[in-house]
Amino acid sequence: MPANTLTEMILGYGVILGILLLYVLSLILRFRRAKTNQHDFSENSHTSSH
Amino acid sequence: MILDKKPSFLTFLDVLSGLMVLGALILILFFTPTELTMGPVQKVFYFHVASAWGGMLSFLLAAAAGAGYLVTRKVRWDWLSLSAVEVGLVFGLIAILSGMIWAQPIWNTWWVWDPRLTTTAIMELIYLAYFILRSGLDTPETKARLGAVYVIVSVISVPLTFLSIRLFRTIHPVVIAASGSESAFSMSPRMLLAFITSLVVFTVLIADLIWHRYRLAQLQNPIQEEAN
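One line per chain: the protein sequences are V and A, in this order. So for the first sequence, this note's numbering puts the first residue at 1; every next one is plus one. So for the second sequence, this note's numbering puts the first residue at 1; every next one is plus one.
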C-alpha cells in the first residue's frame, strides 16, 4: 500500500505555484513602478526645457 | 525611450504558458498513476525536475547572452543575461524547496549534504552572488562587462550539478539514464508523458518570464537604450 503523503504533495505544489505567482506579481509591480518613474522623468525633463 | 507596445506574440505566450501549466497539472494530478511506495508526494517529481531544468536552461542562456555582450558590447545582451539569471534563480529555488518537501517523507529528512543537493545549493548561491556583484559596481558598463564575465565563468556549475549524480555516490535518483541502467528511474508510459510534458511546459514558461523581465530591464534603463 502506498504511503499516505497527500499533505506533502499539496504542500509541494503549493510552494511551486506560490513562488511562481509571487514572481509574476513582483514583475507586474516593478513594471508599474518603472512606468511611473519614466512618466515622472519625462514630465520633469519637459518642464525643465521650458 | 518609450517601451514598445507589448508584442502580440508575448500576450499569446502568456496565455499559452498559463494554459499549459494548468493542463500539465491536470495531467499530473488526475492521469498519472500513484507511485506504489512513495504515494502521492512522488507527483511533485514532475514539476521538481522541470524547475531544475528551467533553472539550468536559464543559466546556460545567461552565459550565452554574456558572451554576446562581450562580443558586441550591446546592452541588450546584458539585459538578456540579467533576466535569464533572475528567472533561473527563481526556478532553482523552486527545485530546491520542492525537492526538500519530497525528501522529507521519503528520506526522513529535509536536507542531506548529498552531492546533487550540495552542488545545486552552490549553483544557486553562485548566481545569487551575481546580483551582489552588480550592486557593488558603479557604472552600467562595468556592471555589464564584469557581469558577463561572471556568468560565463559561473556556467561551469551547471554541468557539474547535472553530472554530480553520475560522478559521485549519491542517494538522489538518476532520472535520465541509459535504458537498463541500474540507477535509472523507471517510469510507466503515463508517467513519462507527464514528465516530458512538464519539461516542455517549463521551457515555454521560462521563455515567457525571461521576455517579461527583459522588457522590464528595457523600461528601467531608457538612457542606456538610447545610447545603443
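Please keep in mind that the hints were generated in silico from the structure rather than gathered at the bench. For clarity, every value in this text was computed on a predicted model and none was experimentally measured. A couple of the hints might just be wrong.
[Stated by the list, open to error] Pulled a few chain V residues facing chain A out of the computed Cβ check, cut under 10 Å:
{"no.": "1", "residue": "Leu6"}
{"no.": "2", "residue": "Thr7"}
{"no.": "3", "residue": "Leu11"}
{"no.": "4", "residue": "Ile19"}
{"no.": "5", "residue": "Arg30"}
{"no.": "6", "residue": "Asn37"}
For every residue, glycine included, the Cβ atom is placed at its ideal position computed from N, Cα and C.
So, going through the hints one by one against the coordinates:
A distance limit of 10 Å between C-beta atoms decides the matter here; for V/Leu6 the minimum to chain A is near 5 Å, and the interface restraint holds. For V/Thr7, the suggested interface contact is upheld, since its CB lies about 9 Å from the closest CB of chain A, less than 10 Å. Taken as an interface hint, V/Leu11 checks out: its beta carbon lies about 5 Å from the nearest beta carbon of chain A, inside 10 Å. With its C-beta approaching chain A no nearer than about 5 Å, V/Ile19 sits inside the 10 Å limit, and its interface hint holds.
The interface hint given for V/Arg30 holds, since its Cβ lies 6 Å from the closest Cβ of chain A, which is under the 10 Å cut-off. For V/Asn37, the suggested interface contact is upheld, since its CB lies about 8 Å from the closest CB of chain A, less than 10 Å.
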